[in-house]
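K.L.:
Spelled out, the chains give:
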Amino acid sequence: MSATGPTPGGKPQVASLNCPGCGAGLTVRSLGNAVTIVCDSCHSILDARDPKLRILQQFRTKTNEDPPLIPLGTRGKIRGVLYEVIGFQRRTIKVEGISYSWHEYVLFNPMKGFRYLTEYEGHWNDLAPLRALPATAPGKSSLTYLGETYNHFQTAQANTTFVLGEFPWQVRVGESVRVSDYVSPPRVISSEGTGNEITWSMGEYMAGRDLWKAFNLEGEPPAPIGVYENQPSPPSANVKGIWKMVGVFVGLMLALFIYFFTTAEDREVFQQSYVFDTSAGGEASFVSNTFKLDGRTSDVELTTSADVDNNWIYVNYALINDDTGHAYDFGREVSYYHGHDSDGSWTEGSTKNRVIVPSVPAGLYYLRIEPESDPYHGSIRYTVTIRRDVPQISLFGIALAALLLPAAFLTWRAMSFEHLRWSESDYGKPPDDGSMVSAIGSMADSLKNSGGGE
Amino acid sequence: MIRQLFFVYGIAVLAVLGFAEYRGWSLNRVDQIPNVPKSVRDNPGSYRSVYGYYHHYTGGK
Chain Z
1 MSATGPTPGG KPQVASLNCP GCGAGLTVRS LGNAVTIVCD SCHSILDARD PKLRILQQFR
61 TKTNEDPPLI PLGTRGKIRG VLYEVIGFQR RTIKVEGISY SWHEYVLFNP MKGFRYLTEY
121 EGHWNDLAPL RALPATAPGK SSLTYLGETY NHFQTAQANT TFVLGEFPWQ VRVGESVRVS
181 DYVSPPRVIS SEGTGNEITW SMGEYMAGRD LWKAFNLEGE PPAPIGVYEN QPSPPSANVK
241 GIWKMVGVFV GLMLALFIYF FTTAEDREVF QQSYVFDTSA GGEASFVSNT FKLDGRTSDV
301 ELTTSADVDN NWIYVNYALI NDDTGHAYDF GREVSYYHGH DSDGSWTEGS TKNRVIVPSV
361 PAGLYYLRIE PESDPYHGSI RYTVTIRRDV PQISLFGIAL AALLLPAAFL TWRAMSFEHL
421 RWSESDYGKP PDDGSMVSAI GSMADSLKNS GGGE
Chain F
1 MIRQLFFVYG IAVLAVLGFA EYRGWSLNRV DQIPNVPKSV RDNPGSYRSV YGYYHHYTGG
61 K
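Sequences listed follow chains Z and F, in order. Quick note: the first sequence uses full-length UniProt numbering, first residue 1, plus one each step. Quick note: the second sequence uses full-length UniProt numbering, first residue 1, plus one each step.
Just chain Z, with the same shape it has in the complex (with noise of 0.2 Å):
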């Protein structure tokens, strides 16, 4: 074989040679870079060192039962890199009784060698072997390399059972490797052993219609299933930014409550007190002097304190502009009870009744009242308190809430995609990594597990 390699960006330049199993031309593309080239009409195995091209091994699995879906001599360009895929092999492992399989792509380049694709159910890597050795840690399930911390994730002996093109190693159908791959989303590094030999890979994540961009393939990628082991999540990577945003807003909305907590009139406009006589009977309705409120439209809080003990007094209100005829139609209860039984004293209800009447413009203002009570209970004491612009804290209540539902919504799909993510591993939940979604995940599995103890 000659030692010129292809030129890139231009015409590939194969070396003809025909197969020693069936005559078959042979094409190959890596010249003088390949150990073993397979035969694609009658699926031998050659050993490209060999000038006779030995036959290493046959196997009998057709090619368009697993065709490549990006075809052998196929160019483009990774990284900025033309590179031309020369080999294809499916690997599978089995894991409690069921076949995974998974692809791999052999690219080459003359001045970068080899590199390589990984495809499963539509998830793509790209791969090119380490240059220097990850850092373990005895008994721990992570390792670190260039200062990244990667979890392991499953480790499971892969067997190749089909193979097709050129190869930088001694392929052969039926080989097993013990293979460990340990992820920190969108890289993968992979390790590779069989006895003491082991080699070392990373892979980064890539979108399959940017490979299809980049090999200029025709249709579409197929769509990916599921969640593959080192894909990035996108819920992930925002929810620390976002939980640093609610946590600015928080304190945003913490400024507007002291502002309005202190500058808010919250003034008293109107208070009398009332006795209603319940064995009066007849008509009960009457109307208070008028009172003025002041300033911006605003709210009005009217409270009724009442001296009810086990009874009740039900009042109507209406809130009614004398100047404009408008009115405000509201009741409210005062109940309060008590008693002993046999778990002891009891109360029920309270002396005190507060509404707020919302956005009601400045005016003279009067109200229309009328209670209700039981008949014959006597005479109940009742106090009408009115106050102008009176800050509410129930508002802040529902904002925060606006807040904190879309974070935690987006806290809950980063969960579930981590979820997701390591049913598929050998533990079935993700690891704690100091992260925000782990640290959520860690109190809401010691919650679960505080609730199911009981």
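There may be inaccurate statements among the hints.
To be verified - Anything over 10 Å on all C-beta distances counts as not near chain F; from chain Z, calculated:
| hint | residue |
| --- | --- |
| 1 | Asp47 |
| 2 | Pro71 |
| 3 | Ile98 |
| 4 | Lys112 |
| 5 | Pro134 |
| 6 | Arg178 |
| 7 | Gly219 |
| 8 | Ile225 |
| 9 | Gly226 |
| 10 | Ile242 |
| 11 | Tyr274 |
| 12 | Arg296 |
Unchecked claim - Distance condition first, Cα-Cα at most 25 Å in a straight line; then the derived SDA-like pairs of lysine to any residue:
| hint | chain 1 | residue 1 | chain 2 | residue 2 |
| --- | --- | --- | --- | --- |
| 13 | Z | Lys292 | F | Arg29 |
| 14 | Z | Lys244 | F | Pro37 |
| 15 | Z | Lys352 | Z | Ala264 |
| 16 | Z | Lys140 | Z | Val95 |
| 17 | Z | Lys244 | F | Leu14 |
| 18 | Z | Lys244 | F | Val8 |
| 19 | Z | Lys62 | Z | Gln170 |
| 20 | Z | Lys94 | Z | His152 |
| 21 | Z | Lys292 | F | Pro37 |
| 22 | Z | Lys240 | F | Arg29 |
| 23 | Z | Lys244 | Z | Phe409 |
To be verified - Rough simulated footprint, nothing fancy, chain Z against chain F, three-plus residues with beta-carbon under 8 Å:
| hint | segment |
| --- | --- |
| 24 | 2-13 |
| 25 | 17-28 |
| 26 | 31-37 |
| 27 | 40-47 |
Keep in mind that the hints were calculated from the coordinates and are not lab data. For each residue, glycine too, the CB sits at the ideal point set by N, CA and C.
Fit chain F to the given chain Z structure using the hints.
P.N.:
The following block gives chain F in isolation, referenced to the frame of chain Z:
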């Protein structure tokens, strides 16, 4: 994109909260009736007809 959207959303929440506090909004449901006649002051019972119907409370114990 989500962070930018959330930033705009958070600003909107704070703006609505500030306006709601300023204008005295409340979750309480209060019926409003326009043009109550002046005669209500002389005959408070007549207000019932203005309201359209009259609710008699049946609460208590």
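K.L.:
Each hint should be assessed against the structure and marked as holding or not.
P.N.:
How the hints compare with the structure:
1. At the 10 Å boundary, the C-beta of Asp47 of chain Z stays outside the reach of chain F, the nearest C-beta of that chain being 53 Å off.
2. At roughly 36 Å from the closest C-beta of chain F, the C-beta of Pro71 of chain Z stays outside 10 Å, upholding its exclusion from the interface.
3. Every CB of chain F lies more than 10 Å from the CB of Ile98 of chain Z, the least distance being 36 Å, so the non-interface label holds.
4. Consistency note on Lys112 of chain Z: stated as away from chain F, and its beta-carbon is indeed over 10 Å from all of that chain's, at 35 Å minimum.
5. The Cβ of Pro134 of chain Z sits about 32 Å from the closest Cβ of chain F, beyond the 10 Å cut-off, so the non-interface label holds.
6. The Cβ of Arg178 of chain Z sits about 40 Å from the closest Cβ of chain F, beyond the 10 Å cut-off, so the non-interface label holds.
7. Consistency note on Gly219 of chain Z: stated as away from chain F, and its beta-carbon is indeed over 10 Å from all of that chain's, at 28 Å minimum.
8. In this structure Ile225 of chain Z is separated from chain F by more than 10 Å, as the shortest Cβ-Cβ distance comes to about 24 Å.
9. Every C-beta of chain F lies more than 10 Å from that of Gly226 of chain Z, the closest at about 22 Å, which supports listing it as non-interface.
10. At roughly 5 Å, the least C-beta separation between Ile242 of chain Z and chain F is not larger than 10 Å, which violates its mark as non-interface.
11. With a cut of 10 Å on Cβ distances, Tyr274 of chain Z stays outside the contact zone with chain F, its closest approach being about 13 Å.
12. A beta-carbon of chain F is positioned within 10 Å of the beta-carbon of Arg296 of chain Z; the least distance is around 7 Å.
13. A hinted pair counts as satisfied when its Cα atoms are at most 25 Å apart, and Lys292 of chain Z with Arg29 of chain F qualifies at roughly 23 Å.
14. About 55 Å separates the Cα atoms of Lys244 of chain Z and Pro37 of chain F, which puts this hinted pair outside 25 Å; it is violated.
15. With a C-alpha separation of about 23 Å, the suggested pairing of Lys352 of chain Z with Ala264 of chain Z holds against the 25 Å cut-off.
16. Between the alpha carbons of Lys140 of chain Z and Val95 of chain Z the distance comes to roughly 23 Å, so the proposed pair stays at or under 25 Å and holds.
17. A threshold of 25 Å between alpha carbons decides the hint, and for Lys244 of chain Z with Leu14 of chain F the separation of about 16 Å falls inside it, so the pair holds.
18. A hinted pair counts as satisfied when its Cα atoms are at most 25 Å apart, and Lys244 of chain Z with Val8 of chain F qualifies at roughly 14 Å.
19. As the CA atoms of Lys62 of chain Z and Gln170 of chain Z are separated by approximately 21 Å, the hinted pair is consistent with the 25 Å bound.
20. Restraint check for Lys94 of chain Z and His152 of chain Z: the C-alpha separation of about 18 Å stays at or below 25 Å, so the hint holds.
21. The straight-line distance between the Cα atoms of Lys292 of chain Z and Pro37 of chain F is roughly 19 Å, inside the 25 Å bound, and the hint therefore holds.
22. Our distance criterion of 25 Å between C-alpha atoms is broken by Lys240 of chain Z and Arg29 of chain F, whose separation comes to about 39 Å.
23. For the hint pairing Lys244 of chain Z with Phe409 of chain Z, the CA-to-CA distance comes to about 15 Å; that is within 25 Å, so the pair holds.
24. With 7 residues having a beta carbon nearer than 8 Å to a beta carbon of chain Z, the segment 2-13 of chain F meets the requirement of three or more and the stated coverage holds.
25. Look at the segment 17-28 of chain F against chain Z: 11 of its residues bring a Cβ nearer than 8 Å to a Cβ of that chain, three or more, so the hint holds.
26. Coverage of the segment 31-37 of chain F by chain Z holds. Counting CB-CB distances below 8 Å, 7 residues qualify, and the rule asks for three or more.
27. By the rule of at least three residues with a Cβ nearer than 8 Å to a Cβ of chain Z, the coverage given for the segment 40-47 of chain F holds, with 5 such residues.
Hint compliance for this structure: hints 10, 12, 14 and 22 are not met, and every other hint is.
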